[in-house]
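Trainee: Residue-level listing of the chains:
There are 4 protein chains.
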Amino acid sequence: MGIMRMGYAHVRVTDMTEAKNHYASTLGLYETLEDTSPEGNKRVFYKGWDEWDHHSVVLEEGGVGVVKYGWKVEHEADIDDVEAKAKAFGLTVERMSKGDNPEIGDGIRFVTPSEHVFEVYHQATAIGTEVGTHNPEVFPRHLVGIGAPALDHSLITTEDVGTMERMLSDVFGFYATERVQTSLEDDHECVGTWMTSNNQIHQLAVIGGPQGKLHHFAFRLDDWNSVGRAADLMTMDDVPIDIGPTRHGITRGQTVYFFDPSGNRNEVFSGGYLAFPDRPRHVWTVDQIGKGIFYHDRELNERFTTVLT
Amino acid sequence: MGIMRMGYAHVRVTDMTEAKNHYASTLGLYETLEDTSPEGNKRVFYKGWDEWDHHSVVLEEGGVGVVKYGWKVEHEADIDDVEAKAKAFGLTVERMSKGDNPEIGDGIRFVTPSEHVFEVYHQATAIGTEVGTHNPEVFPRHLVGIGAPALDHSLITTEDVGTMERMLSDVFGFYATERVQTSLEDDHECVGTWMTSNNQIHQLAVIGGPQGKLHHFAFRLDDWNSVGRAADLMTMDDVPIDIGPTRHGITRGQTVYFFDPSGNRNEVFSGGYLAFPDRPRHVWTVDQIGKGIFYHDRELNERFTTVLT
Amino acid sequence: MGIMRMGYAHVRVTDMTEAKNHYASTLGLYETLEDTSPEGNKRVFYKGWDEWDHHSVVLEEGGVGVVKYGWKVEHEADIDDVEAKAKAFGLTVERMSKGDNPEIGDGIRFVTPSEHVFEVYHQATAIGTEVGTHNPEVFPRHLVGIGAPALDHSLITTEDVGTMERMLSDVFGFYATERVQTSLEDDHECVGTWMTSNNQIHQLAVIGGPQGKLHHFAFRLDDWNSVGRAADLMTMDDVPIDIGPTRHGITRGQTVYFFDPSGNRNEVFSGGYLAFPDRPRHVWTVDQIGKGIFYHDRELNERFTTVLT
Amino acid sequence: MGIMRMGYAHVRVTDMTEAKNHYASTLGLYETLEDTSPEGNKRVFYKGWDEWDHHSVVLEEGGVGVVKYGWKVEHEADIDDVEAKAKAFGLTVERMSKGDNPEIGDGIRFVTPSEHVFEVYHQATAIGTEVGTHNPEVFPRHLVGIGAPALDHSLITTEDVGTMERMLSDVFGFYATERVQTSLEDDHECVGTWMTSNNQIHQLAVIGGPQGKLHHFAFRLDDWNSVGRAADLMTMDDVPIDIGPTRHGITRGQTVYFFDPSGNRNEVFSGGYLAFPDRPRHVWTVDQIGKGIFYHDRELNERFTTVLT
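Protein chains in written order, with UniProt numbering: chain A, 1 to 309; chain B, 1 to 309; chain C, 1 to 309; chain D, 1 to 309.
These aren't lab readings, by the way, just hints derived from the structure by calculation. Treat the hints with caution; some may be incorrect.
It does not matter which identical chain is used: a pair holds within one copy or between any two.
As the list claims (entries may be wrong) - Each computed SDA-like pair below joins lysine to any residue, with the alpha-carbon atoms no more than 20 Å apart: (1) K291 to G208; (2) K291 to R141; (3) K98 to E39; (4) K291 to N135; (5) K213 to R166; (6) K291 to E137; (7) K291 to F259; (8) K68 to L91; (9) K291 to M236; (10) K291 to P136; (11) K291 to D242; (12) K213 to D80; (13) K291 to D237; (14) K291 to H134.
Full structure from sequences and hints, please.
Mentor: In structure tokens:
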């Protein structure tokens, strides 16, 4: 099967106290571990209420941007398979040991053509959810703030979208559900690509921009109502909103973009449609990119292309 | 990859005129073909607005209940793979020819231990959607009635749930996201199982009951708001509601059960959560089955176990 | 102007500890006072988060059913006006003193033809809301359970609906927004009437039944989403649901009926439409009362007419 | 009782063909009359699906901005009462004859201190709604586009907000539910006022700006879901969105501001809370006006204060 989902996003924050307030009190993530990295940086690990693995978000003090992404594979053997494909693609792969990341098993690590660090693993400590698995209630009785259930996806930038799309396809078995192209006919000039290996409308999207940068990482919400309520809570908590509540044309998702106290862009995301590999790809042309990204405003704000971490 | 999704549900209806009114005007499906079966029965083919293959629902005049289900595989070679596994399971498999079903390619056909007919195919005529794939709008401007986007899943009955679960696991690569058991510990006594091969919380569920029967087949809606509006429209259109709007504890889905004019049970379904094979299975005990099925009422109505077609 | 709104519903509960759990933890009302009545009964006073007067619900230990309703008038002089009209209607009116009800000013009290006690007052201690009135947030950051914003309306029974409707019209200046009649033409046989003095679709509804009984009193919610979430929380808190989530044909409101631990029926209610005195009245015939009350089920459950307190 | 509600908004449009497309196809209003004004201008009359009077919106070709507002009073005698109060306030009042406006009875007309024309009337031809009043369905089966149920309120500008607020209070019996002031203490410097005579959170709001100008007029929707869907449809129909979907801090309403083809600003509005004259007024200070107007963005866009018609 290959990649099952984005297991964790590990990001840098400038100030851990502010960051904890944001991710725990406003987003309502559950803190599962606080430690110090081998380099001596404070780290805090979080999961959403509907995630059962030990963590899906790691904050590390010192700077901004993404440190790395963890990708969970379905079977132990998938690690070797991905490794072989990564090497075949020309990537330099190193082995990652159990414990390199707390509560995460061994696996592999490589730097993508976009200069992002990817880790691939199979094992994570399952700590379960508050509602449990035996005759479970449909959500926990006492959620905090937005109460985000789970990490959903991320958007990154690279100077060469086409190569990154090829890598995700060849190595991870991803397919593009939506694309922004300079023309409908010529799919070689890919300005942005929304990719997935499963039925999530995207697990990782890639657009043109500097190497190694984070555009945003997103949390999944139930519906438009939750998206609206999240925006209300952001105002109460003085969280800067980038845009929204609004809708994306691309993915059809309903969304708020906002910033954590360090300036990393977050998103709450709901809706979208079920992706299938045989579903005809949605193709957007560059002249309609405004509508594709922000369906209601129909034009990009300047921050969309310039504010990255 | 094996099974990608339930591609079509082919059901019998007693009166085609009434049935067309229900599936086209109330549910808002798009009629894509009307023909006569080799046996001389009227047939009508439908798809939801967000489906691109030729049809997902087939109505055939004469009786009630399910004729067969079509399962679409990702790759042509998956057909052979499923065939081999089906034979290994002890099933009698026959080849199905292109044109046995209009606009559907060749494949295989077998009768399940539950006495339901399954067809497995790879090719279907892609006819696309009203919004298209080039800079598409997020939904069609003029939907009819409920405007159901897509077929979602089905629930069938069998005398031996355990064997059927094993077949779906061994032959289709399905896994159970939720189960009803006589006890938490002993998973041998499986009273019901909700199974999937992808991130849909279920593609096919199986509960104890007579062989070969249909409990319901379901259409996917966006959210709780759409579910409530669907119930309003059913009242306007004199569609008998079985139960709902309400929620399932099992799958967390939000739902209305209702009947087509022939007495086949339909469902509109939204929500649920993303299924993953590593997600700890939800297990319900029989004493909590009322809450599991109808989360708000917390007890089954008599129809749930007795009205089948 | 006359009656501004139902200011409080004062009801009996058999067990105060259980009742407090229900009204405070599940419904999320704010306790504003606990005292002992002159008769020696424990009492607890509550308000919703979006109410500014001292209380809107009073629980008094000992039995079930409604003790009395308080109706707040806009101007001090309205009390005298209502008194005069009540006497003209033939009712026996007594003066009520400041302090007869904690934090409520003086006014009048009378027994209606339906044998319910009504109090009319102008002054109540304003204690405000958690969000305040100066650059207020749109809701409190930390609501409990359902977080009901406010008391909305009540439904009572009487042997003579027509007389009660006339009293509410003549004395309170109410008008009927919707009615159930034995025929469309003959409005003398009124089986039920939904009445208001303002733009709320109803403040008090009256249906045929025993004298002096409570059918339910209701809390206002924002929308269908809140109604659905309320039902989920009731399941988590083991609150018996009578019916719902569903919709009323009458008032178009979206609703859950449920019971407090003493057996008094509560409702959460959203939607409806703005009432205006010049709006043509909705008239329902008895043969359609099922659809009028429960729009989706289209038939009354037996409890609707028999379970009263 | 005085003023019951804003009965109609009569506005100018530059091109009637474009305007009809907007108000009928996108907003889904029902055209009830097309005629030519005494001055020879084309006029089209509309009502929302849930309004029973002949019209609530009048479009007149030639220019932009508001021609006049019609205010409906509950009783015939209220016209004289308002006339007396208007004269006492120092306004010049003229009598308006039945037929000055099609399907509207006689009444009075005066120019406000803000230089807007107000008409006050009691009688309008009741043409009812598609669902009728006898065992009515909860909404019409076939709505077009946004399907706006009703006109809700308007916002106008004037050089002297304080005087206009006093006029609305003295002549119309309105009270301010929310206000923007230069300070919390000093209520003499009123920058904006949101006023009503009933439980609608506002019927008319007034902010500082040029005399006689229209900021927007608004249609009522059911909920946040309808607001989001309305924004989607605006995109499909190429309607320029000013801002939204978002929320107002003032009124708590959920909203989209958008422009008709002539440049008049419209709004779809849902939510808000029930106004009562004894409810403590919400007071916003000028430094928080951004949050008051656009709760999520927390700052005004330039258009808010400059684009008027």
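Trainee: Does each hint hold? Answer for all of them.
Mentor: Structure-based check of all given hints:
1. For the homomeric pair K291 and G208, the shortest alpha-carbon distance inside one copy (17 Å) is at most 20 Å, but the shortest distance between copies (34 Å) is not.
2. Only between protomers do K291 and R141 lie at most 20 Å apart by alpha-carbon distance; the minimum there is 16 Å, versus 38 Å within a single protomer.
3. Taking CA atoms no more than 20 Å apart as the test, K98 paired with E39 passes inside one copy only; the shortest distance there is 18 Å, against 62 Å between copies.
4. Taking identical chains as interchangeable, the C-alpha atoms of K291 and N135 lie at most 20 Å apart only when they sit on different chains, with a minimum of 8 Å there against 44 Å within one chain.
5. Taking the closest pair of Cα atoms, K213 and R166 come within 20 Å of each other only inside a single copy of the chain (19 Å); across copies the shortest separation is 46 Å, beyond that limit.
6. Only between protomers do K291 and E137 lie at most 20 Å apart by alpha-carbon distance; the minimum there is 9 Å, versus 39 Å within a single protomer.
7. For the identical chains of this complex, K291 and F259 are inter-copy neighbours only, at 18 Å across copies versus 22 Å inside a copy, given an alpha-carbon limit of 20 Å.
8. When the C-alpha separation of K68 and L91 is checked against a cutoff of 20 Å, the pair qualifies only within one copy, where the shortest distance is 16 Å, while the shortest distance between copies is 47 Å.
9. Taking the shortest Cα distances, K291 and M236 sit within 20 Å of each other only across copies (10 Å), while inside one copy they are farther apart (29 Å).
10. For a Cα distance limit of 20 Å, the shortest separation of K291 from P136 across copies, 10 Å, qualifies, whereas the shortest one inside one copy, 41 Å, does not.
11. With identical chains, the CA atoms of K291 and D242 are at most 20 Å apart both within one copy (16 Å) and between copies (15 Å).
12. For the homomeric pair K213 and D80, neither the shortest alpha-carbon distance inside one copy (27 Å) nor that between copies (44 Å) is at most 20 Å.
13. In the homo-oligomer, the alpha carbons of K291 and D237 lie at most 20 Å apart only across protomers (13 Å), although the nearest pairing inside one protomer, at 29 Å, exceeds that limit.
14. Taking the shortest alpha-carbon separations for K291 and H134, only the inter-copy value of 12 Å comes in at or below 20 Å, while the best intra-copy value is 44 Å.
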